[in-house]
Amino acid sequence: MATHNATIERKEDSATLKLALGETVLDIVLTEDNPNDVKTVFNKLLEVLKRGEFDFNLTDEKEDLYFHICKEYITQLNAELKSTYKELKDNGLLRIE
Amino acid sequence: MRIDIHTHTKKIKQGDSESRNIDVDRFMEIIKETDVKILAITNHNHFDLEQYTQFKTSVDGICQMWAGVEFDILEEGRRAHLITIVNPKNAQAFSEKVNEVIGTTSADTFTISIDDVVNNFDSLDTIFIAHYHSKKPSLTDKDVDKLESLVANPKRVLKEASNSISAGIYINHGHNSIHGSDVQNWDDYVKNSTSLPELRLPVESFEQFCLLLDKDDATIKTILDKKTKETIQINPFNNVAEIMDIDIYNDINILFGSKGTGKTDILKALSKFYNGKGFKTEVYESNSNKIDEVFDLKGTQLTIDIEQFGIDDCSTELASLRNATEKEITSLSKYGDYYSADAKNKISKNIKVDKFTTLDENSPKRSFEDVKNNLKKFQEFKDYYTADIKLKEIIGDELLGELDNVIERILEKINSESEKRFIDYKSINFFNKLVKLFVSEISKKTGQPEKPTKTGFAEYASNRISIEKDVNKILENILKIIEPIVEEVGNLGDKGKLYCKINLLIQNGKISDAKYKHTNSTTKIPQKLVADKIELISKHIYANTLFEKIDELKKIESSESVSSINDLLLFYKHFTLDDEFYTPSNGESSMVLLHNELMKDKEIYLIDEPEKSLGNDYISDVIVPLIKEKAKSGKRVIIATHDANIAVRTLPYNSIYREHDINGYYTYSGNPFSNNLVCSSEGKPNLDWKSISMKTLEGGKSAFGERGKIYGNT
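Listed in order, the protein sequences are those of chains S and F. Each residue of the first sequence is one higher than the one before, starting from 0 at the first, in numbering that gives the first Met the number 0. Each residue of the second sequence is one higher than the one before, starting from 0 at the first, in numbering that gives the first Met the number 0.
No wet-lab data here; the hints were simulated from the structure. We put the beta carbon where it would ideally sit given N, CA and C, even for glycine. Watch out, some of these pointers could steer you wrong.
Derived coverage of chain S by chain F (criterion: at least 3 residues anywhere in the stretch with Cβ under 8 Å from a Cβ of chain F; other residues may be distant) [as the list claims (entries may be wrong)]:
hint: 1; segment: 31–37
hint: 2; segment: 64–73
hint: 3; segment: 80–90
The following residues of chain S were derived to be distant from chain F, with all beta-carbon distances above 10 Å [as the list claims (entries may be wrong)]:
hint: 4; residue: A1
hint: 5; residue: T2
hint: 6; residue: A19
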């Protein structure tokens, strides 16, 4: 199982959780509430998950609000990625070459 | 039942072939393989009583054996052959007489005059069969006249033709004619026997055959009466004055007469009569049925369930796809709200349960359902064999006990696994509920926002996985290829067999062939659009636009008419010949429809003018033998016809003739064997069956000319 890097990008008036999948980086903007953007990220995660199981490891040095949010979010997402991978496998929908 | 009045069992003359020799065992085997039921041994100038007796005994009950000799006749310097067959009861006397007449003269040089043959053998209850015309060496007409003048009963003098066609020609010219195998090689006998004369009436003895030659009414009646017949009263013209009593034999019954004499009405009245008795009959009228309609080329009656081809109708998947909705995900602001708020309540700060991450509940649930399904199937199997008493009888208690023991052990194992998985699933389920409950309650008590327990990814993904599964299954089944259904329609003779082919396709969104139609819909547009849209949906499963595409599917006009893959089924039904598209002509259509009618297993066949649009060859070679076959198996075949091939060549047990004159309509009945037609009304003289047939029927003369396969003559 691959472990990918998750980081937090902090800007003056915004913060983004960055999920690196190889060269592709998926952004979840923490300071906006845009479900469609999150769904786009979920769709990409699903496509990658079909090719193999993975999870994220959050690397961040600041223990601020964004850190707590992202830590919780990544923990939950990892658990859900795991169960979704199993579901894809059970339904024969993996695309492992 | 066939008759062979000319066989050789020995090489007697120098010129005879060795292959004429046959021993008793081989003779018996060969005869058993044929339909020959009467056979006369007629060696050249020789009669072997011992061999005759052996052969007769060997085929006793299978074939009647008659005793005879083929004599070399010398008449006014002309040489000819004359077959002399005696009543088998007189075989001993015949043997003695032959030996006396031939003495020590060799068969090669022996000759005898017509006078001497008659003087010596006529008293032995004899049939004389003269080689005639093309059957060489033949007696001249003068010789035959002389023979007829000398014998006690001139009807016992027959002429032997060289083959069945010649025999037919002689009959047409008023000669009594027959032919035999004149066997040259017994190896070919089985094959050649199929062209021997056929006996339409079951002749039981030599005496009966002679009486038939005499056209003895009592004999004919006795034979005919052996067939089941029924006297039926019908009122075909709804006119009390014309109530008819007609005999219908479990054989061939021919209705003939000029056009407009009510034959079709009689058939319809017979159909009504039989239907009233519980039979299922209808009058088959040539040309009234169109082959396209009979074979339902438009598919109005066509019902096909694609599941018969191993294709799932995907009705559940289609319904699920239509009802699919997007799953919402957890709003990120909820995380922000939760972590922004400061937990002030001391107790809530100490509670840890709400900090737990909820666990994956779907996997253990699926895992439990799998085993639950296994358990159900095994339980059903156990219920099946336990309840089936007949199966128990077949398998026996011991074997069934062994099976039960194994099944019980399996059930125990599955049960235990099921319990384990149930506990796994439920413990996670309770744990998740507990976490959610604490989160919710703490929030209520402290006024703090609820802590999100999941991102929503798993549910979001699960929803898409489910849609992908459904779409994949629908597309996989849509893309399945169905082999065409091919049904044999009939034989078109030299052209080959005609088939009816149903080509089946499932609309995949790309089929525009106008020849293809849906079985249960007149429109093709929604089906094509629906299939096309499903294909499009499959490309958007992991895109934000997925539900837009699903909405487009729902908005297709009349898309609800596609509730399963059955609704996407397209067919194209047509006839084929040599696997190519073919449109049969009217004649070919009549041919196969009539053939199919006669191939149906029925008790009663009512057929009106089967000859319509059909060629003589087809009638003679296919239809007449089929009709005869039905008669042989005791079916009632009632045919109204103008065709002599059918009315004459089938040699019907019953001919019903309808006549019309200035005084009204008359009904006659009779048969070819008595050659009489008797009127049901008083005061009308009997008619001659042959002359009326020749006069009334189309092709009458030639039909009589081709009657070589029949021993009888009219």
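message: If you test the structure against every hint from before, which numbers come out violated?
response: As far as the earlier hints go, not one is violated by this structure.
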